[in-house]
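Whole structure, please, built from the sequences with the hints as guidance.
Sequence lines, in order, name chains A and B.
1 is the number of the first residue of the first sequence in the numbering used here; add one for each residue after it.
1 is the number of the first residue of the second sequence in the numbering used here; add one for each residue after it.
Just so you know, these hints were derived from the structure itself, not from any lab.
A hint or two may mislead.
Claimed, not checked - Now the in silico label distances, taken between C-beta atoms and shown as ranges: (1) A:112 with B:249: 57 to 67 Å; (2) B:85 with A:117: 45 to 55 Å; (3) B:178 with A:115: 40 to 50 Å; (4) B:63 with A:117: 49 to 59 Å; (5) B:262 with A:120: 46 to 56 Å; (6) B:249 with A:26: 54 to 64 Å; (7) A:148 with B:17: 57 to 67 Å; (8) A:26 with B:25: 39 to 49 Å; (9) A:170 with B:262: 49 to 59 Å; (10) B:29 with A:11: 45 to 55 Å; (11) B:24 with A:25: 21 to 31 Å; (12) B:249 with A:23: 21 to 31 Å.
All C-beta atoms in this analysis are idealised placements derived from N, C-alpha and C, irrespective of residue type, glycine included.
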Amino acid sequence: MKRVNDAIVGLVVLVIVGALGGALAWVKGSDVGKRQHEVVARFHDVGNARVGNVVVIRGVVGGRIQGIELAPAGWVDVRMKLDPTVQMPKEPVVLLNESSLFGEWQATIVERSALPHDETVRQQIADAPHDGNVLPGATLPGIGKLTAVAGQIAGDVANVAGRVEVAFDDQAARELRSSIRNVSDLSKTLATTVRMHASDLDTLSNQLRTAIATMQRTVITVQGTAERIDSATTSKQVRDIVENLAMASSDLRQTSTQVRDLAGRFATSQTRLDSFLANSDSVMVKINRGQGSLGLFVTDASMYRRTDSLLVQMRALIADIQANPKRYVSVKLF
Amino acid sequence: MNPLVGGLSVIGAAARRLLATIGSEARFVGDVAIGLRDLRTWIPETTTQALKLGVQSLPIALFIATFTGIVLALLASYSFTGAVPLYFVGTLVGKTVMLELAPVLTGLALAGRVGANIAAELGTMRVTEQIDALETLTYDPVAYLVVPRVVSGTLMFPLIVGASMIVGVGAGWIASVLLLHLSSPEFVKGLRLFFQTFDVEYGLVKSASFGFAVTLIGSRRGLRAEGGAVGVGRAATSAVVYSAVMILVLDAFWAVTWLLGREST
Chain A
1 MKRVNDAIVG
11 LVVLVIVGAL
21 GGALAWVKGS
31 DVGKRQHEVV
41 ARFHDVGNAR
51 VGNVVVIRGV
61 VGGRIQGIEL
71 APAGWVDVRM
81 KLDPTVQMPK
91 EPVVLLNESS
101 LFGEWQATIV
111 ERSALPHDET
121 VRQQIADAPH
131 DGNVLPGATL
141 PGIGKLTAVA
151 GQIAGDVANV
161 AGRVEVAFDD
171 QAARELRSSI
181 RNVSDLSKTL
191 ATTVRMHASD
201 LDTLSNQLRT
211 AIATMQRTVI
221 TVQGTAERID
231 SATTSKQVRD
241 IVENLAMASS
251 DLRQTSTQVR
261 DLAGRFATSQ
271 TRLDSFLANS
281 DSVMVKINRG
291 QGSLGLFVTD
301 ASMYRRTDSL
311 LVQMRALIAD
321 IQANPKRYVS
331 VKLF
Chain B
1 MNPLVGGLSV
11 IGAAARRLLA
21 TIGSEARFVG
31 DVAIGLRDLR
41 TWIPETTTQA
51 LKLGVQSLPI
61 ALFIATFTGI
71 VLALLASYSF
81 TGAVPLYFVG
91 TLVGKTVMLE
101 LAPVLTGLAL
111 AGRVGANIAA
121 ELGTMRVTEQ
131 IDALETLTYD
141 PVAYLVVPRV
151 VSGTLMFPLI
161 VGASMIVGVG
171 AGWIASVLLL
181 HLSSPEFVKG
191 LRLFFQTFDV
201 EYGLVKSASF
211 GFAVTLIGSR
221 RGLRAEGGAV
231 GVGRAATSAV
241 VYSAVMILVL
251 DAFWAVTWLL
261 GREST
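Structure, rendered in structure tokens:
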């Protein structure tokens, strides 16, 4: 009985351990007993790539990443196991990239000429060592980096939108509406003006046409006059007229010189008069303000009354002297 | 009695009981460790206990795992509809079953079955004085009765949980294909997407600690049974309760000490 128990337990243990081990190997994608060839690629950074991620060639899964190890001089080596049926492209390079939006990564083997038109990626490939046994590799930015950049852009846009919102408030909208209305009114006015000016231009062109006709007639008249002057220049009368004109102009020059001198004197007199008037004005202002003796005399009423009283008393004194001179004048010889 | 002295004596008595309990349990664990040295006594009994505690517990464990896998797949599809690709059902079923549900649900189920079984068996032996007879015959009851159970429980729990993982994920896979119309490659893609060997290691180590705790608590409760059938029943009940509590405490302990801060890929 005990032996049977042992056998049952042993069987169960073996079955479960075997099943668990097989399931683990299957889920991990291990290819036990399958001949594969190994490829190593060298990267600056492997992003979120992990052991077990698939290796894709021309869109088909052709293997898995078997190991990720740090290499000298700041490099990272990624070992990949590929199916023996996989044929590598000419000049192969390896790209590590996200295969979906949910954090899955994969290694993609492509031909160098099929690299994406990304300067960073091409630079990474160019920097990687070109060894026959180690493929150059580059890592494409993950969705995290892209969303971070997108978030930054969105933040900037929101910032700009916020500023626009601040700048373009209700007042600005009203002003803009008012400006549009003004432009509309202005365009209407302009249209009216243009219409009016169009009729004015018609009138003007008619007048111009009339003026041109008049000018033509005048030109004909001037032409006749010129012909007559031309015939007159042949006689002596013209020279006499010119000489008389020269004398008259000389007299006129002298007269104008005299007038200019007179005007200069007049200007000087006017300046002096202005100065005199300014001084007088200043004196009058002081008098009016009661400044100075004359000002006090003019503005002080009590002084006027005293002066008037003094004049009355002096007049009475003079009358008394005339009436009684001996009272005031005595002449003694000795 | 002075009320102050009375209050202090109550606190002192509680502290003394607590320390006595801790000391008693620690001494019991020490006895088990000492009993491990008596290989000739416990090794012949281990396979019998492994059969009883482990192999015979497989049906209930696999039954629980099957329905857990099915329900998880349906819950995942219900949660992911329209927002997340459906192949993530495989990811969720795999991660959840391996890391948490298979160890904990299996552990709770076995706490009822194994813990109560051990407590009732050893309790009956205690109240019928069979254990006293063993001691009279110079047998170490711990080495003969407890160590084989603890060893077999500690070893067999991870195996049962491993089988539960396989069955649970398989049930979720079948449910996804049959009920959710998810193709097998899609489910497998999701299952492999973030799979790590650590997920299985974590679940198995956790379940080993559960097995150790359940068998140890069941044995201790059974050996301390007294008062006839009522005492045996009380021992079985307390063994199940304490085992369930200890499983949840250990689950949190492993999560904090081993899972926390670990990067998931």
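So, going through the hints one by one against the coordinates:
For residue 112 of chain A and residue 249 of chain B, the Cβ-Cβ distance of about 58 Å falls inside the hinted range of 57 to 67 Å, so the restraint holds. Restraint check, residue 85 of chain B to residue 117 of chain A: a C-beta distance of roughly 29 Å breaks the suggested window 45 to 55 Å. Remark: the range hint 40 to 50 Å for residue 178 of chain B to residue 115 of chain A is upheld by a beta-carbon distance near 44 Å. Look at residue 63 of chain B against residue 117 of chain A: about 58 Å separates their beta carbons, and that is inside 49 to 59 Å.
The supplied range of 46 to 56 Å is broken by residue 262 of chain B and residue 120 of chain A, whose beta-carbon atoms lie about 32 Å from each other. Distance hint check for residue 249 of chain B and residue 26 of chain A: the Cβ-Cβ separation is about 34 Å, which falls outside the suggested range of 54 to 64 Å. For residue 148 of chain A and residue 17 of chain B, the Cβ-Cβ distance of about 59 Å falls inside the hinted range of 57 to 67 Å, so the restraint holds. Distance hint for residue 26 of chain A and residue 25 of chain B: a CB-CB separation of about 43 Å, consistent with the stated range 39 to 49 Å.
Checked against the hint of 49 to 59 Å, the C-beta distance between residue 170 of chain A and residue 262 of chain B comes to roughly 56 Å, which is consistent with it. Hint check: residue 29 of chain B to residue 11 of chain A, Cβ distance near 32 Å, so the stated range 45 to 55 Å is violated. The hinted window of 21 to 31 Å between residue 24 of chain B and residue 25 of chain A is violated, with their beta carbons roughly 46 Å apart. At roughly 30 Å, the beta carbons of residue 249 of chain B and residue 23 of chain A sit within the given window of 21 to 31 Å.
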